[in-house]
Amino acid sequence: MRLDGKATLLGDDIDTDVIFPGRYLAVLDPRDQSRHLFEPLGELLRQRAIAGALLVAGWNFGCGSSREHAVTAMIGGGIRLVVARSFARIYFRNAINNGLAVVSCSAAVDLISEGDQVEVDLARGQVWTPRGEVAFEPLPPELLRILAAGGLWASR
Amino acid sequence: MNQQTMAEKIMSRLAARPVRAGEFVELGPDWTFSLDDGIGLVDRYFRLHGIDRLAAPDKIAVFYDHFAPADTPQHAMVQRLGRQLCERFGIRRLHDVGTGISHQIAVETGLVKPGQMVTNTDSHTLTVGAVGAIGCGIGVAEMAWLWAYGQLWFQVPSSQRIALEGRLAPGVSAKDLVLSIIGRLSVRGAQYSSVEYHGPALATLSIAERMTLCNMGVEMGAKFAVVPGDQVTRAHYAGLGIEVGEMPSPDAGAHYAEEHRFDLGGIEPMVSAPSKVDNVHPVSSKAGVQIHQAFIGTCTNGRFEDFEIAARVLAGRRVAEGVRLVVTPASREVYLRAIQSGALQTLIEAGATVTTPGCGACAGIHQGVLAADEVCISSSSRNFIGRMGNRDASIYLASPATVAASALAGRISDPREVLAGSGAFSIVNTSALPR
Chain A
1 MRLDGKATLL GDDIDTDVIF PGRYLAVLDP RDQSRHLFEP LGELLRQRAI
51 AGALLVAGWN FGCGSSREHA VTAMIGGGIR LVVARSFARI YFRNAINNGL
101 AVVSCSAAVD LISEGDQVEV DLARGQVWTP RGEVAFEPLP PELLRILAAG
151 GLWASR
Chain B
1 MNQQTMAEKI MSRLAARPVR AGEFVELGPD WTFSLDDGIG LVDRYFRLHG
51 IDRLAAPDKI AVFYDHFAPA DTPQHAMVQR LGRQLCERFG IRRLHDVGTG
101 ISHQIAVETG LVKPGQMVTN TDSHTLTVGA VGAIGCGIGV AEMAWLWAYG
151 QLWFQVPSSQ RIALEGRLAP GVSAKDLVLS IIGRLSVRGA QYSSVEYHGP
201 ALATLSIAER MTLCNMGVEM GAKFAVVPGD QVTRAHYAGL GIEVGEMPSP
251 DAGAHYAEEH RFDLGGIEPM VSAPSKVDNV HPVSSKAGVQ IHQAFIGTCT
301 NGRFEDFEIA ARVLAGRRVA EGVRLVVTPA SREVYLRAIQ SGALQTLIEA
351 GATVTTPGCG ACAGIHQGVL AADEVCISSS SRNFIGRMGN RDASIYLASP
401 ATVAASALAG RISDPREVLA GSGAFSIVNT SALPR
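These protein sequence lines are chains A and B, in that order. Counting from 1, position 9 in the first sequence corresponds to residue 9 in the working numbering; the numbering is continuous, with no gaps. Counting from 1, position 46 in the second sequence corresponds to residue 46 in the working numbering; the numbering is continuous, with no gaps.
Okay, chain B solo, but in the shape it has when bound (with noise of 0.2 Å):
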C-alpha cells in the first residue's frame, strides 16, 4: 500500500514521511502567494501579534491583481500596506499594479515547478496543477501565520481519477469540456479531493488549456486539480529556458475514490447558466438570450490563445449595437503578445475595451460592474448571485470564442457557426505563432 496519488506523493515530500489521504499534517508549501485582497489583512495580522520577522521571504510573493489599479481610497491605502510590508521585510517578489493575476504569473513565468505545492488567498490557485504543481486556496490568518512561522495544519485529500481521451473538435475548448465535467459531477462532486486528470487526450492539450481545465476544479469543491507533468509540460519550461528535473507521477496502484471518463470528440459548446455553476447546457439550448456585456479574460480564460480564438471569431465584424465587449488579458506578457500577434487590435477595432491585467470584472470590484436586469456572457469561473457587482444582474459562463460569438450578435449564440463562415477552422495552430 505504498502506492500513491499526486497529492499524496508532493504532500509526503513536504511532510517529510509519507502520508496517506485523510491524513492531518504540519507542513511548508513551497510557495505562499499573498494578493491586493488580502495583504491589508496579512499587515493587520503582524501588528495585532507583533510580528517582526518572516519564516522564508523567498517563498513569497505578493500580486496586486484583484482592484489593479486602485479604485477607491480603500483599495489604494492596502497596496501600499502592502508595498510597506514587502520592504521592511524583505519580500523581493512584488507584482505591482498592471503584471497579471497570480496564477497566470506563476505559471508563464516559470516561478512554480512540477511537483511543488502552492498556497495561496485566492480559490483558483488550482491553476498551477496545469504544469504538475499542486495549489490551493486559503485563508489570510493562516496565510499570515504562514508567513511567519512556515507550517501549518493541511488534510491530505483523497483523489478523483478523470480519464480523457479522444480530441476536441474544432471551434470547441477546455472551457466547454470543463463546464461539461462540471455539469455532471456538479458543484460540490469533488469536494475536498484532489482531481487527477489522465488519458490520452491530455497530450493534445496545451499548458493554456490545462490551466483553464484545473483552473474550475474548485467550482465543483476540489482543493487541487492536477495534470502529472509530461511532454508538454517539459516542452514549456524548456521554452523558457527552465531545466526541470525529474517530475512527480502518481503511482501504478494508487487508490482513487472515485474515477471518470470523458470523450473529448462528443463535448460541445457549453454555457453555464445563472446562478450556479453546475447549471450546465448546450449553448444551442440557451441561443438567442439577449447579451448586455461580454468578457473575455481572467484567471480562467485570458490567456493569448483565448484572445487569439475571440480575434478570429471577431476579425473584421463588430460587436452588436448595444453590446459592450470588455477584454483584460491574464498578464502584462499576455497582452504584449496579443498586441504582437495582431489579435488585441481585431478586437478593438471590433469595439472592444481593454482593461488593466489582472481579475478585471469577473469579481465585481471594478471594470465592468453591471446593472439591474443585464445580462453578461462572460469567460469567467462564476456566475453567482451578485458576483460581477450586482445582485440583480445575470451571468452565463462559456467559452472565449462563445463569449466573442455572442458579443457580435448581441445574443448567446454558437461560435462554430461564425468559424465556420470565416474558414478560422484552417488556423487553429496556435504553436506556429509568436510566443
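Pulled out of the complex, with its shape left as it was, chain A reads as follows (with noise of 0.2 Å):
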C-alpha cells in the first residue's frame, strides 16, 4: 500500500480540539465536518493540509479527546497520511479504523520539510523524502489489513 502527498508541517502535541472543535460534534458527514479542520488554527492551514494530502507532525499528535472526527474530517477533505514521531493512542485506533494511514517515524520527520513531496510504503515500511528514505517497523499485519480495506467497517 503506497501513498504520498505534499507536506504540511506540524509541532508536537496537536490536539484534538484544533483539529475539530466540540462544538461541531453533530456534524456527521465527513464530507461536510472536513470545513472545520483545523479552524483555531486557521483556514490558510486548513486550505494547505487538504492540498497535501500529507500531514507531518512531532511527538503525540492527536491527544485529548476520543472525537473519531479528528480522523474522519482529514479523510472527508482528502488527507490519507499522517506521518509524525508518535500519536495519541485513541487517535492512532481512531486512524486505522478509520482508513487514515499513521507512520510513527521520528527519523522521517527529522528529514521532511514544509512543501516537500513525500512516498510511503506502509507494508514496507518505506519513507521516501527528498533528503532520502527512511525505513520505520511495519503496522503489525492484522492492523494493516484492517488500514488497507480502508477502516474497520470496510474491512468486514
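Any given hint could turn out to be false.
Claimed, not checked - Calculated Cβ distances over 12 Å to all of chain B for the following chain A residues:
no., residue
1, L3
2, I50
3, A51
4, R80
5, R89
6, I96
7, A107
8, S113
9, E114
10, Q117
11, D121
12, L122
13, W128
14, A135
15, A148
Said to hold, decoys possible - With a cut-off of at most 20 Å between alpha-carbon atoms, the simulated DMTMM-like pairs for lysine to aspartate or glutamate come out as follows:
no., chain 1, residue 1, chain 2, residue 2
16, B, K113, B, E246
17, B, K9, B, E26
18, B, K59, B, E87
19, B, K276, A, E39
20, B, K9, B, D30
21, B, K276, A, D121
No lab work stands behind these hints, which were simulated from the structure alone. All values reported here derive from a predicted model rather than from experimental measurement. Even for Gly, the Cβ is constructed at its ideal location relative to N, Cα and C.
Join these two chains into a complex; the hints should help.
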C-alpha cells in the first residue's frame, strides 16, 4: 500500500480540539466535517493541509478527546496520510479503524520540510523524502489489513 | 513469568487466555458506553452497513452529557436519533438529559465493578480506575462495531507504577496531586501505558479523589489509570448495598516499564497554565493573574466533595465584581447531595450560576464559552487552545478550592489563605456528611 503527498508541517502535542472543535460534534458527514478541520489554527492551514493530502507532525499527535471527527474530517477533505514522531493512542485507533494511514517515524520527520513531496510504502515500512529514505517498522498485519481495507467496517 | 499487572490480569480474563503487555488481542469489554456527542455516528454506521441486531444490549449504556439539554437543532437531532436507536434495539440503560456525566454515573451507582473493563467514546473513561476497573476511550466506528459484533482488537498496554506516600496537607487536593504528577511526567509521559497507583497514601484517598487522579491519566497519554481495589473500594460498594466478590490486584513481581514515587506531604496547590496540561506551576507563581470566569464542574472535579470545599471557601462571601462563577454538578445525584448539604445554596448566594448536570463548559460547546482575550480558571482537565470555544481565550486548570478562591479575589489565588482565615480546616471530614 503506497501513498504520497505534499507535506504540511505541524508541531508536538497537536490536540483534537485544534484539529476539530467540540461544537461541531453533531456534524456527521466527513465532507461536512472537513470544513471545520483545524479551525482554531486558521483557514490557510486547512487549505494547505487538504491540498497536500499529507501531514507531518511531532510527538503525541491527536492527543485529547476520543472524537473520531479529528480523523474523519481529514479523510473527508482528502488527507490520507499522517507521519508523526508518535500518536496519541485514541487517535491512532481512530485512524486505523477509519482508514487514515498513520506512520510513526521520528527519523522521517527529521528529514521532511514544509512542502516536500513524500511517499510511503506502508507494508514495506519505507518513507521516501527529497533528503533520503528511511525505514520504519510496519504495522502488525492485523492492523495493516484493516487500514488497507479502508477501515474497520470496510474490512468486514 | 506469570505475574501480571492489573491491565494484563483484567484483559486476560476477557481474552480467556493469559496475555502480556504488547500483545494484540480480540476481546469483548464488560461495558460499551456511548454518549450524545457520538450516538448520531453510531446510528450512521448502522444505517450505512445495515446492522439490525446487537451482540449484547445488556453491556451497553448511553449517556447524554456533552450537550444536555440540546442547545442547537443539530444536537437535538442526534439526541433524538440516539433515543430511537435505544428503543429499536432494546437498550434499557439510557441516561437522558439531566442525569449527568457517564463516568460519574458509572461509579456512583455501582454500575461498573472492580476488575471490569469499560470502553466509552470518551477519553476520560480512565476515571473508572478509581474503583479498580480499567477504562479507555475509543472511537465511534469501533463503538458501533462493538455494539454489532461484541469483539474488537486491543493492544495490552505496558504498565507504569506510581507509588504514593504521605498525606495531602489541608487545602491541597487530589487535583493538585495529579497536576504535579503530569507536571513531572509530561503530557506524553505515560503514552500507551496503564498507570497503576500503589502505596500507603491510597488509604487516605476517597473514591472521589481517586476519580480525579485516574481521570487525568489520559492527559499524560495513558490508556488506563487504576487504583487496585481495597477497603475504600469495598466500603463504596457496601454503601450502595452491592456485594463485590474478589477484587483483582496486581501480582507481586509484575513487570512495570517505569516506576515513580510521589510524597503527598510535599504537594502544594498547583495550576496548569495555558495551553498544555503539563505547563504546571505552584499557584503562588501565577497568583494575581486576572480572571473573567471561574468554572467548577466536569468529570475531573464536579463532585459533591468539590462543591463542599468550594462552599467553604465562599461561605458568607461574594465572588469578585466582573467574575462569572459557573457551577456544573457532575450528576443529578451530586446536584441533590449538594442541595441537601447546603453547599449549592452557599455557592448561589456567593454569586454562582448553576447549570445542568453534565460536561458543561469544559468542551467549549455551551454553558460558559469564553470571549476573546478572556481568562478562565477551571476545575476541568484541558486547557488546549480553543477548548472552551474560543481560540483567543486562556484557560488555567486548578483544584475546586483554588477556582473558588480565585473567583473570590478576581485573580488567581491560593485557597489556603482563605481557608485558614475561615477556620475551614477543622471541618474537612466529608465522610460525616450525608450521602
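A quick look at each hint next to the structure:
1. L3: holds (20 Å)
2. I50: Check passes; 19 Å lies beyond 12 Å.
3. A51: holds (22 Å)
4. R80: Answer for R80 of chain A: holds, closest chain B Cβ roughly 17 Å.
5. R89: violated (5 Å)
6. I96: violated (9 Å)
7. A107: Check passes; 18 Å lies beyond 12 Å.
8. S113: S113 of chain A is indeed farther than 12 Å from all Cβ atoms of chain B, at 24 Å.
9. E114: holds (21 Å)
10. Q117: Non-interface label on Q117 of chain A holds, nearest chain B Cβ at 29 Å vs cutoff 12 Å.
11. D121: holds (22 Å)
12. L122: holds (17 Å)
13. W128: holds (27 Å)
14. A135: A135 of chain A clear of chain B: closest Cβ-Cβ about 21 Å, beyond 12 Å.
15. A148: About 15 Å separates A148 of chain A from the closest Cβ of chain B, which puts it past 12 Å; holds.
16. B:K113 <-> B:E246: holds (11 Å)
17. B:K9 <-> B:E26: holds (15 Å)
18. B:K59 <-> B:E87: holds (15 Å)
19. B:K276 <-> A:E39: Roughly 18 Å separates the two Cα atoms, so the pair holds.
20. B:K9 <-> B:D30: holds (14 Å)
21. B:K276 <-> A:D121: violated (34 Å)
Checked against the numbered hints above, the structure violates hints 5, 6, 21; every other hint is satisfied.
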